Structure formats: structure tokens, C-alpha cells
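Chemist: Generate coordinates for the entire structure from the input sequences, incorporating the hints supplied.
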Amino acid sequence: MHRYILRRLLLLIPVMLGVSFVVFTIMFFTPGDPAAMMLGERAPAEEVAALRTQMGLDDPFPVQFGRFVFNAARGDLGRSLVSRRPVFQELYSRFPATLQLAASAVLIAVLMGIPIGILSATRQYSAFDAMSMGIALVGVSMPNFWQGMMMILIFSVTFGLFPSSGYGTIWHLIMPAVTIGTSSAAIITRMTRSSMLEVVRQDYIRTARAKGLSEKVVINRHGLKNALIPIVTVIGLQFGWLLGGAVLTETVFAWPGVGRLMVDAIRQRDFPVVQGGVLLLALTFSVVNLAVDILYAYIDPRIKAQYK
Amino acid sequence: MAERLLDIEDLRVEYHTDDGVVTAVENLNLYLEKGQTLGLVGETGAGKTTTALSVMRLVPDPPGRIISGSIRFHGEDLLTKRVDEIKKIRGNKISMIFQDPMTSLNPVLTVGFQIEEAVMLHQGLDHRAAKKRAGEMLELVGIPAGREGDYPHEFSGGMRQRVGIAMALSCNPELLIADEPTTALDVTIQAQVLELMKKLREQFSTSMLLITHDLGVVAEVCDHVAIMYAGTIVEYADVETLFTNPRHPYTRGLFGSIPSLDEDVPRLQPIKGLMPDPTDLPTGCKFHPRCPMAKDICAKRAPVGVEVAAGHRVNCMMYEGLVPGYEE
Chain Y
31 MHRYILRRLL LLIPVMLGVS FVVFTIMFFT PGDPAAMMLG ERAPAEEVAA LRTQMGLDDP
91 FPVQFGRFVF NAARGDLGRS LVSRRPVFQE LYSRFPATLQ LAASAVLIAV LMGIPIGILS
151 ATRQYSAFDA MSMGIALVGV SMPNFWQGMM MILIFSVTFG LFPSSGYGTI WHLIMPAVTI
211 GTSSAAIITR MTRSSMLEVV RQDYIRTARA KGLSEKVVIN RHGLKNALIP IVTVIGLQFG
271 WLLGGAVLTE TVFAWPGVGR LMVDAIRQRD FPVVQGGVLL LALTFSVVNL AVDILYAYID
331 PRIKAQYK
Chain D
-8 MAERLLDIED LRVEYHTDDG VVTAVENLNL YLEKGQTLGL VGETGAGKTT TALSVMRLVP
52 DPPGRIISGS IRFHGEDLLT KRVDEIKKIR GNKISMIFQD PMTSLNPVLT VGFQIEEAVM
112 LHQGLDHRAA KKRAGEMLEL VGIPAGREGD YPHEFSGGMR QRVGIAMALS CNPELLIADE
172 PTTALDVTIQ AQVLELMKKL REQFSTSMLL ITHDLGVVAE VCDHVAIMYA GTIVEYADVE
232 TLFTNPRHPY TRGLFGSIPS LDEDVPRLQP IKGLMPDPTD LPTGCKFHPR CPMAKDICAK
292 RAPVGVEVAA GHRVNCMMYE GLVPGYEE
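Chains as they are written, first to last, in this note's numbering: chain Y, 31 to 338; chain D, -8 to 319.
Hints are supplied without guarantee of correctness; some may be wrong.
[As the list claims (entries may be wrong)] Per label pair, the in silico range of CB-to-CB distance:
| id | chain 1 | residue 1 | chain 2 | residue 2 | range |
| --- | --- | --- | --- | --- | --- |
| 1 | D | 130 | Y | 259 | 31 to 41 Å |
| 2 | D | 66 | Y | 259 | 40 to 50 Å |
| 3 | Y | 231 | D | 247 | 48 to 58 Å |
| 4 | D | 65 | Y | 255 | 57 to 67 Å |
| 5 | D | 116 | Y | 123 | 57 to 67 Å |
| 6 | D | 35 | Y | 231 | 18 to 28 Å |
| 7 | Y | 199 | D | 98 | 24 to 34 Å |
| 8 | D | 74 | Y | 199 | 46 to 56 Å |
| 9 | D | 65 | Y | 156 | 31 to 41 Å |
| 10 | D | 145 | Y | 321 | 36 to 46 Å |
| 11 | D | 66 | Y | 244 | 18 to 28 Å |
[Unchecked claim] Here are a few chain D residues that face chain Y, going by a calculated C-beta distance under 8 Å:
| id | residue |
| --- | --- |
| 12 | 89 |
| 13 | 91 |
| 14 | 97 |
| 15 | 109 |
| 16 | 112 |
| 17 | 144 |
| 18 | 291 |
For the record, the hints were derived by calculation from the structure and aren't laboratory data. Treat the numbers as computed from the prediction; the structure is a model and nothing was measured. All C-beta atoms, glycine included, are put in the ideal place defined by N, C-alpha and C.
Modeler: Now the structure itself:
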């Protein structure tokens, strides 16, 4: 098990190298001259050329890429062209906000999605099942930015219950977390329901019932643990994806997370920030995936036996 | 006559599927005396498992439904009991061993725990005592001490079935229902598991309903036999009588399709035709389309069971005098 984790951590290195290469290449061939942008539109051509040479932008592609990787490995992702602050610091200062939002959204989603999914599965085709699946469909289909704006309209503008934007207190957190949480909850509900429906047909569930166990014990003890693998997988995917920043929701609620930083950076052609942001996204996603894979071993002993 | 521990009368079970109503069990009469082992024999799809699940009240609903009849256990009808009363009987007084040991144990719980939970539930033992009991049960079925913390995938098929037996016997049930307990096992392992069941049945003085399609297993283990065809019992007798003097044409057909070591028969004599489509069962006697003795009346009227000798019942109109019988 420990060896497995170590091996997976080592595997992160080629993954990150690959991601770096792709991002760097895309940025390299994107039109727009960083040096010209830093100096402004009216800067004389000689000054721009001097800065290009100073920044190493005239070097061949392999040299530039090598320098990027070497620096990134030491935590130096360059400086933002706009704020002139180190990219690492920019990301580092924004990440807590994103983490907070992602964690609360996933928490809401899990607390809603799993119980509703189980109830739906155990009461398949009932009115409750039909209603929750209907609501889940709406939840998956509703765009986050639209839901966010509707929530601002209703809860901030009309009733004045929550602040419409900003960051800092739990009151600021509630609306964006609920906005993202509902769509995640919908996905988790549907996955829980289908996974549970699959499990309750298994022979060992019949065995459990034949022991005289109550339906509650049969479902929670014998059913849920077996149904958990696909559920944990989607929770992990949702969480990993949210850690990269919920771009639209962060924008609607003016939430100072990584997602909004990335959107601004792309709009302003702030190449180093975009590169650093994508690397962070890839890293968090990989780490969450690893965590999910490790969690599998604790859920299913058959998987643990394979992690040698 | 000994007490009837289990007495099934006029049982009818249906499955309501998209393709129509399937009558899995119809007009089924069966009893099991205390301390005895009854073999329930029939082809796949004859309704043996449905009968067993009906006793446990575990027929999956939907699509299955017990329509009518009674299943008396110690004289009390199980079919009219409340669900919470049934739960006190399941796994405690009546327990079940399932066909496929590869799928009937929960893959994410240790085998020890899967025994413990039944003991804790029915015997009111605390966790520690239940754990001890689980260990003892496992040892009793030949699984060495110290393996109760292992998961089902760490055992072979034969050992898993032993775990299933330990689980079923852990609360010392009065009735054990074994649904083809050896079908999924290798032949060598089959003998071991049967031997173990025989031994433990005597040790625990448990009555047993053994479902099988293997007449060899019946001869080995059972006191009485019920032959089932298309949802109903066609012949019921003690083992000796049934093997030496089978009366129903279907039973005779079954024996005819077993290869004999003593005689040199060039070809086996199969029963002609196939099991009827359960959504479209024949009228009258369910066996008549395949029966060599059938006459017109067999398609029109269902036979009524006749006791041809003490304790030997046959569902065939030959013995009601309506159809000419065998020339003997």
C-alpha cells in the first residue's frame, strides 16, 4: 500500500511535465508579445526589443521551455505581467478562497446527494423517486451562472438575506456554495441511486435479508459500502474540478478564487499567470484522484489486494 | 406420525413481468416432518427456489407475489405474519444456504462479521461473545481459527460455501433450507460439503429442505423426496420407495435419463420435449405434452394427488383411474 502510494506520487512527475509542455506550447504560439504588453502600446520598438532579449523571449523554444520547467520545479512560475507580483504568490493567495468554496460545495452536495439517492433507490418508481429525479435533472441542467444570478436576485436584492458578492464571512460563502453544491448534489444523487439499484439486486443483499436483518441495516451496512466506489469517484471528480476554480460562479459572486484570477489573466493575456494556473489545476486534480484511489482501498478489500 | 415442522398447502406464486404473468408455483402441497431431510428435485425453472424463498418470505416483490395458500411452520402460518415477526424467524429458526457462494457473501465485510451480525441480532450476544461464536462456527466447518478477519475473496468457492453453512447454522435453526448448495462447486468439493452438511444436521438436529436437481445427492442425504415439475409437486415419497418404485411418468423419465453403470445402453433415454414456457403453461396436466402415457383428458383436466401407498402421493390421472396405467 505504501509502495503503491509512493509509485503514484512519482508518476505525478511525468504527468506534470506533460501538462507543462502542452500549456507552454500553446502559450508560446499564442499571438501577442508579452514584452510589448508590459511596456504599453506606445513604447518605442527598440525598448521592446531590448526587453524581449532581457526576458529571454528571443531564445529558441527548447531553451525557453527548459528554463520554464527548471524554474517551475523550484516554485518559481515567473511574474505576472499585470501586477508584477510572482505568479506563485498570486495563486497562493487565491487558493484558500477556492478551497473553501469547493469544500463547502462538495459537503453540501454529499449531505444532500447520498441520502436522497439512497431513498430514491429503495423507493424506486415511487412519488419521492420521481420528484427527486425530476429536481436532480433540473439541478444538472441549470447553468451555474444563471442560478447564481437568480439567487442574487431573490435572496440579496428582494429579501436582502445574503450579501450579493464578496468574501470573508460565512454569509458570503452560503450563496456561491449552494449554487455549485446543487449541481454537484444532482450528479451525486443520480449516481447514488443507480449504484444502489445495482447493488440491491445482488445475492449478498438477499443473504443479508435472510439473516433477519432490518431493511435499514441491509441498506446501510450491506448495500451502501458496496455502492460507494462509483459515488466516491464522482465526488472526487467534482471536488478536483472545483479546486481548479469554479470560474463562472466565482465571477458572478465576485469570489476572489483561482477561477476568477484565471479568467482575468486570460483576458489580459497575462501568460505566466495562465501557465501557473493550469499547472495548479492539473496538480490538484491529480492529487485528488490519487486520494480517491487510496480511498477505494479502504472501501473495498479486493481493490486493496491489488495495490501491491 | 412425527410433527409436521413445515406444511405448505395450495401455494401459488406469480411473477408479474412485462412479458406477462408467470406462475412459478401453483397448487403446491408439501410437508416436512421434524428431524427429517426432504429433497426437492426438479429441473431449472421448476419453481424450487421460488418455493424456498416463499418460506423465507423473500420472494422479490416486485415482480413476485405470493397469491394464495399457506405455509405453516410449527402450525403457524408464515404468510399471515407481520414483517417484524418474520424477521425474528429468518436467520434464527429458519435459515438458508444459497446456491452460489461466489456471490452470496458480502465482498466488503469480513466473513467473521457476517456470522457475528446474525448471532448478535438473534441471540442477544454482545460483540465479544458473538465474535467467539463466529470463530467456533468457522472452526466447526473446517476453517482454521484466525481467518475470521478475512474477506470472502480470500477464500475458495468450497470454503465460501462452508462460511455460508456456518452462517446459516450459527443461530441453531430448526429448519435449514439449502438451495442447490453444491451445484456451483467442483465435484470433489461437492462431496466434502455434503458430508459436512450431513454431519452438522445430525449434530444440531436440524430439519432440512434440500433443493437440488441431482438425484445422486438426494439418495445420499434425504429421507423424503418431492419431485417438482412446472411449479407443482408431481410425486412425493420416501427415498427408498421413490428410487425403487417411481410412479409418475416424469419421475420415471428422470431415472431413464441417468446413465447406468450396469447395463450397456447405447443411448440415454431423455424426456422428449422441453420444459414449457412459464408464461404459457399447458392446460390440464402440465406434463402432458411430454408424457408418453398422455391421453386426451390430460390436456383438459389437472390431476388430483392420489395416495398410492402410505406416504406416497402421485399427481397423475393414471392413478385416478382416468387414464390407462403402466402394464406391470
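Chemist: Each hint needs a verdict: does it hold in this structure or not?
Modeler: Structure-based check of each hint:
no.	hint	result
1	130/D / 259/Y: 31 to 41 Å	33 Å, holds
2	66/D / 259/Y: 40 to 50 Å	47 Å, holds
3	231/Y / 247/D: 48 to 58 Å	38 Å, violated
4	65/D / 255/Y: 57 to 67 Å	36 Å, violated
5	116/D / 123/Y: 57 to 67 Å	58 Å, holds
6	35/D / 231/Y: 18 to 28 Å	20 Å, holds
7	199/Y / 98/D: 24 to 34 Å	46 Å, violated
8	74/D / 199/Y: 46 to 56 Å	50 Å, holds
9	65/D / 156/Y: 31 to 41 Å	36 Å, holds
10	145/D / 321/Y: 36 to 46 Å	26 Å, violated
11	66/D / 244/Y: 18 to 28 Å	27 Å, holds
12	89	6 Å, holds
13	91	6 Å, holds
14	97	4 Å, holds
15	109	4 Å, holds
16	112	6 Å, holds
17	144	5 Å, holds
18	291	39 Å, violated
Hint compliance for this structure: hints 3, 4, 7, 10, 18 are not met, and every other hint is.
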